[in-house]
Amino acid sequence: MIEFESFAVELAHEAARVTLPFFRSGIGHEDKGGAAGFDPVTEGDKQAEAAIRRLIAARYPDHGVIGEEYGEDRPDAEHVWVLDPIDGTRAFISGLPLWTTLIALRVAEKPTVGLIAQPYLDEIFIGGPSGARLLRGATERPLAVRACEHLTDAVISTTDPDIFNGAELGAWTQVRAAARLARLGCDAYAYAMVAAGQMDLVAEASLKSWDWSALVPVIEAAGGRVVNWRGAAPDGTGQILAVGDSRLIDQALVTLKRAAA
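Throughout the sequence shown, residue numbering follows the numbering used here, covering 1 to 261 in sequence.
None of these hints come from the bench; they were simulated from the model.
The reader is advised that the hints may include incorrect statements.
[Said to hold, decoys possible] Only pairs whose alpha carbons sit at most 27 Å apart, straight line, appear in this in silico DSSO-like list of lysine-lysine:
| # | residue 1 | residue 2 |
| --- | --- | --- |
| 1 | LYS257 | LYS110 |
| 2 | LYS110 | LYS208 |
| 3 | LYS208 | LYS46 |
| 4 | LYS110 | LYS46 |
| 5 | LYS208 | LYS257 |
Starting from the given sequences, assemble the full structure and let the hints guide the process.
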């Protein structure tokens with residue numbers, strides 16, 4: 001599995017090669033959301049995913065791929081790469097260095113290797129069977145979540161409360177009211193901060209598999225947990241709760257379970 005972790009880092013470097021020239025370049029974007037609401041996509045998204053797919057096909061032609069921009073290719077394979085070339089495209093087109101590249105390897109349908117990369121900051125947060133670590137330039141250090149026994153002491157995050165429906169928003173609002181501090185607009189970078197021991201909890205909804213698959217191995221290898229709003233493994237509901245300290249799960253689920261899908 002270490003071979004796959006190393007390959008995931010190669011993929012992240014290739015994605016960075018493609019995306020960084022577009023960042024803060026005045027790049028235009030398309031709105032693929034239509035009547036469902038603004039959902040931007042850029043040439044950076046498309047070209048980066050295409051580049052990642054080419055490398056996977058060349059190295060592991062029997063592996064499947066699921067990506068946000070180009071859909072599914074052999075999603076039932078034993079090994080499936082799950083890709084979001086630019087998670088946080090709104091941040092990307094706004095010039096904010098909070099967008100990330102998300103790469104996961106699913107083995108027998110379970111996310112086993114995960115990577116959260118922020119190329120502009122030269123950061124790669126990776127987790128897998130060999131542990132969790134932060135790669136920055138030529139340096140490497142282990143990642144570990146921090147202890148936080150009580151929700152009242154927690155630093156929490158969600159990307160935007162507008163992602164929640166009515167019941168979900170009510171549940172999030174109660175969790176936010178109980179926490180010490182809430183930060184918004186961080187996209188997947190917030191999950192990296194949980195793995196790094198800087199934040200304690202992230203709760204989100206309406207996520208696709210490419211939005212959350214990479215987060216699971218990173219946070220769990222760092223000592224945290226990722227569950228859905230019923231406390232089970234993440235699934236197609238798109239409702240995600242990630243914590244550094246597992247003692248926070250039951251405290252957050254007191255309210256989140258009421259809106260669980």
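Checked hints:
1. LYS257 - LYS110: 23 Å, holds
2. LYS110 - LYS208: Holds, at about 15 Å.
3. LYS208 - LYS46: Holds. LYS208 to LYS46 sits at ~17 Å (cutoff 27 Å).
4. LYS110 - LYS46: Roughly 26 Å between the alpha carbons, so the hint for LYS110 and LYS46 holds.
5. LYS208 - LYS257: Status holds; Cα separation ~20 Å.
Comparing the model with each earlier hint shows no violations; every hint is respected.
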